[in-house]
Amino acid sequence: MNTASQAKATNAANECRPSLARGLWALTYRELKKWLKDPVMLVMFVLQPLIWMGLLGKSMNIQGLFSSGNLGNIEIPNITIPTVYGNVTIPGTLLAKQLQQEFSKIGTSVMQNTFGVADYFSFMAVGMVSMIVMTTTMFSGMSIVWDRRLGFLDKVISTPVSRAAIIFAKILNATFRAMFQASVILALAYLLGLQLSSSFTLLNLLGVYAAIFLLGVGLSAVFIAFSIRSTRMERPMQFITLITMPLMFASNTFFPTRLMPDWMQAIANVNPLTYLTDAIRRLTILPLDASSLIWDFTYLGLFAAVLASIGIVLSWRYLTR
Amino acid sequence: MTEEVIRAENLTKVFNRSLVAVDHINFSVKEGEIFGFLGPNGAGKTTTINMLITVLRPTEGTASVLGYDIVKQANDVRKVIGVVPQEYTADEDLTGYENIILCADLYGIPRDIAKKRALELLELVELTEFKDKRVETYSGGMRRRLELACGLINRPKVLFLDEPTLGLDVQTRAATWEYIRRLKKEYGMTLFMTTHYLEEADALCDRIAIIDHGKIIVTGSPSELKDSLGGDIITIAIKENADVTSIIKSVENVKDLRNENGAYRIKAENGEATAPLIIEALRKRGYTVTRLSLTEPTLNEVYLEYTGRAIRDAEESKEAFRMHRITLRRARAG
Numbered sequence: 001m002n003t004a005s006q007a008k009a010t011n012a013a014n015e016c017r018p019s020l021a022r023g024l025w026a027l028t029y030r031e032l033k034k035w036l037k038d039p040v041m042l043v044m045f046v047l048q049p050l051i052w053m054g055l056l057g058k059s060m061n062i063q064g065l066f067s068s069g070n071l072g073n074i075e076i077p078n079i080t081i082p083t084v085y086g087n088v089t090i091p092g093t094l095l096a097k098q099l100q101q102e103f104s105k106i107g108t109s110v111m112q113n114t115f116g117v118a119d120y121f122s123f124m125a126v127g128m129v130s131m132i133v134m135t136t137t138m139f140s141g142m143s144i145v146w147d148r149r150l151g152f153l154d155k156v157i158s159t160p161v162s163r164a165a166i167i168f169a170k171i172l173n174a175t176f177r178a179m180f181q182a183s184v185i186l187a188l189a190y191l192l193g194l195q196l197s198s199s200f201t202l203l204n205l206l207g208v209y210a211a212i213f214l215l216g217v218g219l220s221a222v223f224i225a226f227s228i229r230s231t232r233m234e235r236p237m238q239f240i241t242l243i244t245m246p247l248m249f250a251s252n253t254f255f256p257t258r259l260m261p262d263w264m265q266a267i268a269n270v271n272p273l274t275y276l277t278d279a280i281r282r283l284t285i286l287p288l289d290a291s292s293l294i295w296d297f298t299y300l301g302l303f304a305a306v307l308a309s310i311g312i313v314l315s316w317r318y319l320t321r
Numbered sequence: 001m002t003e004e005v006i007r008a009e010n011l012t013k014v015f016n017r018s019l020v021a022v023d024h025i026n027f028s029v030k031e032g033e034i035f036g037f038l039g040p041n042g043a044g045k046t047t048t049i050n051m052l053i054t055v056l057r058p059t060e061g062t063a064s065v066l067g068y069d070i071v072k073q074a075n076d077v078r079k080v081i082g083v084v085p086q087e088y089t090a091d092e093d094l095t096g097y098e099n100i101i102l103c104a105d106l107y108g109i110p111r112d113i114a115k116k117r118a119l120e121l122l123e124l125v126e127l128t129e130f131k132d133k134r135v136e137t138y139s140g141g142m143r144r145r146l147e148l149a150c151g152l153i154n155r156p157k158v159l160f161l162d163e164p165t166l167g168l169d170v171q172t173r174a175a176t177w178e179y180i181r182r183l184k185k186e187y188g189m190t191l192f193m194t195t196h197y198l199e200e201a202d203a204l205c206d207r208i209a210i211i212d213h214g215k216i217i218v219t220g221s222p223s224e225l226k227d228s229l230g231g232d233i234i235t236i237a238i239k240e241n242a243d244v245t246s247i248i249k250s251v252e253n254v255k256d257l258r259n260e261n262g263a264y265r266i267k268a269e270n271g272e273a274t275a276p277l278i279i280e281a282l283r284k285r286g287y288t289v290t291r292l293s294l295t296e297p298t299l300n301e302v303y304l305e306y307t308g309r310a311i312r313d314a315e316e317s318k319e320a321f322r323m324h325r326i327t328l329r330r331a332r333a334g
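Residue numbers (the numbering used here), protein chains in the order written: chain A, 1 to 321; chain B, 1 to 334.
Hints were generated in silico from the structure; no laboratory data involved. A portion of the hints provided could be inaccurate.
Unchecked claim - A few chain B residues facing chain A, derived, Cβ under 10 Å:
# : residue
1 : Ile53
2 : Asp91
3 : Gly262
Unchecked claim - Covered stretches of chain A, going by a simulated chain B footprint (3 or more residues, C-beta under 8 Å):
# : segment
4 : 19 to 26
5 : 29 to 41
6 : 65 to 72
7 : 140 to 152
Keep in mind it's a predicted model, so treat the numbers as computed, not measured. Virtual Cβ for every residue (Gly too), placed ideally from N, Cα, C.
Given only the sequences and the hints, what does the whole structure look like? Please build it.
And the structure:
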């Protein structure tokens with residue numbers, strides 16, 4: 001070893017104090033800046049769940065099924081009940097009228113028992129928040145492929161910045177984006193008629209963000225690990241399109257899992273999307289239920305911790321080839 | 001005695017267990033010199049540089065930069081080197097200034113120093129007036145200069161340049177050489193560069209290693225390498241259709257000759273004096289010289305001599321080059 005040249009080098013080395021926080025901030029800031037400079041993509045990302053929410057959420061007017069008009073003209077024969085005082089006849093037309101009046105009440109109760117809320121739109125709008133969290137984190141994680149292709153990643157690796165900062169910056173960026181997009185969707189849903197529960201306070205929003213953060217960290221870590229060695233976009237892209245639909249449908253995004261066939265319930269019950277959606281629903285449109293919320297957060301927390309650890313270990317392993 | 005800044009020992013990289021990109025190379029770079037790796041595309045230049053800058057892990061052997069081992073003390077190496085990669089790696093969505101500050105942050109250079117230095121460097125590479133423009137609006141030459149500036153933000157002791165003028169037009173290339181010379185003078189760095197342009201190696205490098213198929217074939221200064229050819233090249237053609245090899249060989253100072261498409265390519269010391277002697281010898285035997293040229297050896301001849309082919313032949317067509325790059329990238333990634 002050449003001590004003389006090493007001593008010379010120390011001067012320059014002393015000046016460099018690469019820290020995890022500094023590198024993390026610099027790399028995350030870069031991504032956020034890039035993102036904000038591209039408002040078209042921002043709008044495009046919000047557009048898809050907005051279309052789902054606006055068209056599907058509004059057209060699937062499930063509570064509307066139970067309006068009295070939908071019952072149509074029902075013909076009920078006169079009912080004759082024998083009593084000690086002789087036969088009493090209730091006219092069928094009266095019964096039909098009564099039934100029509102009761103029908104919408106039954107509808108409200110069915111809605112309450114199935115969806116927890118009186119309108120389907122509120123139910124599925126929250127599902128759309130989960131959907132955008134999922135797609136945003138997946139696509140943002142993939143930006144590491146671009147960094148590799150453009151040589152940016154190699155340049156970053158050749159600097160003394162902490163390796164952890166490289167991965168965490170990607171995770172944070174994906175998660176922040178997801179949180180922002182989710183806010184946009186929530187706000188739009190509110191404008192389109194989302195019914196907040198009476199127990200909702202602004203403090204609940206913090207819980208919503210915490211839940212989104214946990215799912216975002218877990219999902220993006222997996223996607224970064226998945227695409228870190230990829231030099232082409234096609235493979236991760238195909239993977240994303242392949243898994244988003246099943247993840248969305250085999251969860252409580254559109255419909256309560258309770259009414260699904262058993263095998264589908266089994267999938268939905270491990271699907272983290274179910275827990276995120278449930279947590280957000282309980283924090284916004286449903287009455288507060290502490291024990292369910294704790295369970296949701298425990299599951300999301302574990303999901304984030306386990307997947308982020310796996311993702312980070314894999315990423316570390318494959319960062320330097 | 002000058003110090004060794006880079007020392008490679010049996011440095012080897014094998015991709016996918018079969019593609020030997022760099023094959024047990026040994027070399028050392030002295031303090032303050034510009035050391036060039038010259039070779040055709042796919043010879044292993046970029047792979048070598050990527051190992052030295054700690055982006056790739058060697059399969060076998062190792063190297064040290066300023067006494068730090070590139071594998072065991074990778075992070076110490078990273079602090080004292082600067083890298084100007086082959087690709088334009090600056091973020092296109094950010095401005096030139098933002099890009100340099102990002103680099104500074106990655107090195108953990110204190111903010112106040114970083115800001116001052118960023119402006120200095122932008123001035124040096126003449127990008128001051130474009131510093132707040134997005135990089136996507138920059139020309140190729142400007143991007144290259146920005147890469148240079150980024151590579152210097154940590155005041156590196158050793159600067160690595162990978163094909164610094166690849167894809168630039170002739171004027172921009174000459175201008176870039178000027179910047180590199182100026183940077184070296186200003187900061188007194190040691191430079192390690194790769195190139196497949198002979199003129200570039202000749203114009204910039206103090207010493208060159210010719211690399212082919214992952215192996216170093218010869219190392220020396222451009223003039224040493226030219227001298228090692230043993231003299232000038234005389235090319236001669238005669239009117240008659242006859243073999244005059246023995247006649248030419250008998251002339252004093254003629255060291256070697258080859259018959260190339262009817263012309264004789266003669267290697268001779270002191271070419272200006274020897275050429276007339278050859279003509280004289282041929283005339284005496286009744287042959288008429290129709291054509292004669294005398295060239296002092298260039299790196300092209302050196303390259304031809306050591307690799308057995310002209311560098312142009314070694315270079316594949318553009319399409320083949322692109323395919324090769326893709327294969328290599330996949331191999332590196334996979």
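So, going through the hints one by one against the coordinates:
1. Here the hint on B:Ile53 is kept, as its CB sits about 4 Å from the closest CB of chain A, short of 10 Å.
2. This hint holds: B:Asp91 has a C-beta 6 Å from the nearest C-beta of chain A, less than the 10 Å allowed.
3. For the restraint placing B:Gly262 at the interface with chain A, the shortest Cβ-Cβ distance is roughly 48 Å, beyond the 10 Å limit, so the hint is violated.
4. Three residues within the 8 Å Cβ limit are the bar, and the segment 19 to 26 of chain A against chain B gives 5, so the coverage statement holds.
5. Only when three residues or more bring their CB closer than 8 Å to a CB of chain B does the claim for the segment 29 to 41 of chain A stand; here the count is 5, and the claim holds.
6. Coverage of the segment 65 to 72 of chain A by chain B is violated [criterion: at least 3 residues with CB-CB distance below 8 Å; count 0].
7. Evaluation of the coverage hint for the segment 140 to 152 of chain A: fulfilled, as 4 residues show C-beta separations to chain B shorter than 8 Å, against a requirement of three.
In this structure, the earlier hints numbered 3, 6 are contradicted, and the remaining ones agree with it.
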